[in-house]
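There are 2 protein chains.
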Amino acid sequence: MDTKNWQGKEFKFGLIGGGQLGRMLIQKAADYDLHVHTIDNDPDAPCSKISSSFVVGQLNNYNDILNFGFDKDVLTIEIENVNVDALEALEKLGKIVVPSSSVLRIIQDKGLQKQFYLANDIPTAPFVFADNKEDLLTKITSFPVVNKLRKGGYDGKGVQILRSESDFSKAFENASILETVIDFEKEISVIVARNANGETAVYPTVECYFNEDSNLVELLFSPANISAKLEKESKDLALKVITSFEMTGILAVELFVTKDGKLLVNEVAPRPHNSGHHTIECNHTSQFEQHFRTVLNLPLGSTKMISQGAMVNILGAKGYEGPVYYENIDKVLAQQDVFCHIYGKEITKPNRKMGHITVRANSTKEAIILAESMNKVLKVKSM
Amino acid sequence: MDTKNWQGKEFKFGLIGGGQLGRMLIQKAADYDLHVHTIDNDPDAPCSKISSSFVVGQLNNYNDILNFGFDKDVLTIEIENVNVDALEALEKLGKIVVPSSSVLRIIQDKGLQKQFYLANDIPTAPFVFADNKEDLLTKITSFPVVNKLRKGGYDGKGVQILRSESDFSKAFENASILETVIDFEKEISVIVARNANGETAVYPTVECYFNEDSNLVELLFSPANISAKLEKESKDLALKVITSFEMTGILAVELFVTKDGKLLVNEVAPRPHNSGHHTIECNHTSQFEQHFRTVLNLPLGSTKMISQGAMVNILGAKGYEGPVYYENIDKVLAQQDVFCHIYGKEITKPNRKMGHITVRANSTKEAIILAESMNKVLKVKSM
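Heads up: the protein sequence lines correspond to chains A and B, in order. As numbered in our numbering, the first sequence has no gaps in its residue numbers, which increase by one up to the final residue, 383. As numbered in our numbering, the second sequence has no gaps in its residue numbers, which increase by one up to the final residue, 1383.
Mixed in with the good hints, there may be bad ones.
[What the hints assert, rightly or not] Just a sample of chain B residues kept apart from chain A, beta carbon distances all over 10 Å, derived:
1) R1163
2) F1184
3) T1243
4) D1330
5) E1346
[To be verified] With a cut-off of at most 30 Å between alpha-carbon atoms, the simulated DSS-like pairs for lysine-lysine come out as follows:
6) A:K381 / B:K1157
7) B:K1262 / B:K1157
8) B:K1304 / A:K379
[Stated by the list, open to error] Quick list of the computed label-pair ranges, beta carbon to beta carbon:
9) A:G152 / B:N1362: 48 to 58 Å
10) B:N1225 / A:P323: 50 to 60 Å
11) B:T1200 / A:G198: 43 to 53 Å
12) B:K1379 / A:D183: 26 to 36 Å
13) A:V377 / B:T1180: 45 to 55 Å
14) A:M305 / B:N1211: 46 to 56 Å
15) A:V377 / B:F1210: 41 to 51 Å
16) B:Q1336 / A:K9: 46 to 56 Å
17) B:G1319 / A:E372: 51 to 61 Å
18) A:N67 / B:N1225: 53 to 63 Å
19) B:N1225 / A:N120: 48 to 58 Å
20) A:I369 / B:S1363: 45 to 55 Å
21) B:G1319 / A:P323: 36 to 46 Å
These aren't lab readings, by the way, just hints derived from the structure by calculation. In this text the structure is predicted, and so the values were computed from the model without any measurement. Glycine included, C-beta positions come from ideal geometry on N, C-alpha and C.
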């Protein structure tokens, strides 16, 4: 793409999805005079107040996405669950869509994703398909077993563990996967980017802790506490995944480290990801800047670490639902090396992702201690 | 201010002036769900595309500013030349205005500013007042002499040196100051902030080089290459200035270091300033975040240095005027430790400030070399 083309208001960068991931992209895109136009089904979505233009539309509606895309020069997503047929139609009209509809079609369906891993010699947990709940019940051979919806899951929803026959009632009705439960040593994540020239960039591996209750990332730290050998293997595997997809864009590759030190791909997300939020403060180029660099086929930015760090999600407190306020945010702001990101969601609900806190420190241990203490201080309540 | 109050769309943060300083404030304010509403006389001003709302109005027009302020909860500026009577009227209506109209009234008039320094024992270059050009001609006793307009100067305009009688023709017609030319060793700048609680925060001193042609900051580096004693004296002096003003807000204090090691206040700016742009990447809290923290009376952020660095302004190249494009921006983006900020001005003109580049490095010398080389690579041209 010619650099004469992508700056200024004539060039329209279309963003499908108006949540926090898009918002952090827009904040950084302003450094390059990139004009970001956004569609989301929520008129008060986090991107609504800072987009160059903002329209309300259903992300899974063919006509809404097609209409949105007509006058855009490039299109990208910040959420997977968008109408992929519309994206394909836009590609046929000559629009640049990142990631491509073909990649998105595979990733949207965890069944196709699993088959893709097998076909490309990418290690992943063993699995079987279930067409529906009835089919599923005939295919369970042991407990516990992971049950994942093939389509439509997000933010920890659409994934559950069935522990015994008494869990049959909650098994998913729609097409799903039964996956062997991996007794993992730890969960790690690698963010990797690739532009249309085929240039790739990979971030240092991070280590993640999930909240069993919400199934959301609760805390991560960078770099992961793993051997240099495993660090290299995890980066190589992430690069293998993105190049196998021949994908342009940014990809978060979530991995299990098994107790015998092997790596398995758990899930991927073809967009900026919760496990890369710390890159805003802890790495030279944030994942959000890397994202739009891939869309514009610009040189990728350095992924060099500036500081070790940790990130905690700011989740809606239990027992509160309604217009949000952040109790003690003053105390967090007064703290050195602590960086607060509030996403601008007007309504809090228990476990809703309302923001995140990143801590920079000289060691991941220090960073984790400070991040966890800040997370206890800050309370997301409703007025 | 209660933290329940300032977040979310009900709370309206009014920004007077929609240039690059406002734009960088908005980019960061999004991290706290602060809704920034902007007024500027240019419908395509840098803030126009990312403000929560944007209105066109004359900043020096009483009614335009009063009307803009009516429904805002707090008001601040990103340029000094605004209608101060309207701000005073808004204060009487109970609005929080930062900086206050009384401080702004003094700073807008370089004559009152000079008198204020004398009254408060703040060192500054000797001067006399001239009511008009005729008066000025009778008061010049030697050459060279600095001639500064009392009101309306900005970005290097309104300041000139008269070198001999042949320069009489260009002497300012309006009320101005004649100031002794200081044969300084170097020019340094200190950014200082103060909130309504009286809490202060001061950034490390930076050293600035001005372009004689444009009279604009051409390059700065942080920290300044001065003794620890002078560093302390310059910070203390900046604190003395802001506390003498009893000012809430952020203040850039530009200082001369004389050849015998004394400090003189040259100019002040009661807002984020070109000499603090590097704080985005080189300090824990950027001057833009510090600015809105002062407006909201939040705890001030740490000014701790993360890295040494240098900043160069990206100026419109000579010989080009019209819709802008940035030649070789790809080459700048590919460079590690280099951060590019393009302000989103649609039209370039010779010497117009179009953006800036910050470099982080292990030494200011390294940072300067890389910043200057990047500034040669990137060319601001018109299409």
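Hints versus structure:
{"no.": "1", "hint": "R1163", "result": "holds, 40 Å"}
{"no.": "2", "hint": "F1184", "result": "holds, 34 Å"}
{"no.": "3", "hint": "T1243", "result": "holds, 21 Å"}
{"no.": "4", "hint": "D1330", "result": "violated, 6 Å"}
{"no.": "5", "hint": "E1346", "result": "violated, 6 Å"}
{"no.": "6", "hint": "A:K381 / B:K1157", "result": "violated, 50 Å"}
{"no.": "7", "hint": "B:K1262 / B:K1157", "result": "holds, 26 Å"}
{"no.": "8", "hint": "B:K1304 / A:K379", "result": "holds, 27 Å"}
{"no.": "9", "hint": "A:G152 / B:N1362: 48 to 58 Å", "result": "holds, 49 Å"}
{"no.": "10", "hint": "B:N1225 / A:P323: 50 to 60 Å", "result": "holds, 51 Å"}
{"no.": "11", "hint": "B:T1200 / A:G198: 43 to 53 Å", "result": "holds, 52 Å"}
{"no.": "12", "hint": "B:K1379 / A:D183: 26 to 36 Å", "result": "violated, 58 Å"}
{"no.": "13", "hint": "A:V377 / B:T1180: 45 to 55 Å", "result": "holds, 54 Å"}
{"no.": "14", "hint": "A:M305 / B:N1211: 46 to 56 Å", "result": "violated, 36 Å"}
{"no.": "15", "hint": "A:V377 / B:F1210: 41 to 51 Å", "result": "holds, 45 Å"}
{"no.": "16", "hint": "B:Q1336 / A:K9: 46 to 56 Å", "result": "violated, 30 Å"}
{"no.": "17", "hint": "B:G1319 / A:E372: 51 to 61 Å", "result": "holds, 57 Å"}
{"no.": "18", "hint": "A:N67 / B:N1225: 53 to 63 Å", "result": "holds, 58 Å"}
{"no.": "19", "hint": "B:N1225 / A:N120: 48 to 58 Å", "result": "holds, 56 Å"}
{"no.": "20", "hint": "A:I369 / B:S1363: 45 to 55 Å", "result": "violated, 32 Å"}
{"no.": "21", "hint": "B:G1319 / A:P323: 36 to 46 Å", "result": "violated, 55 Å"}
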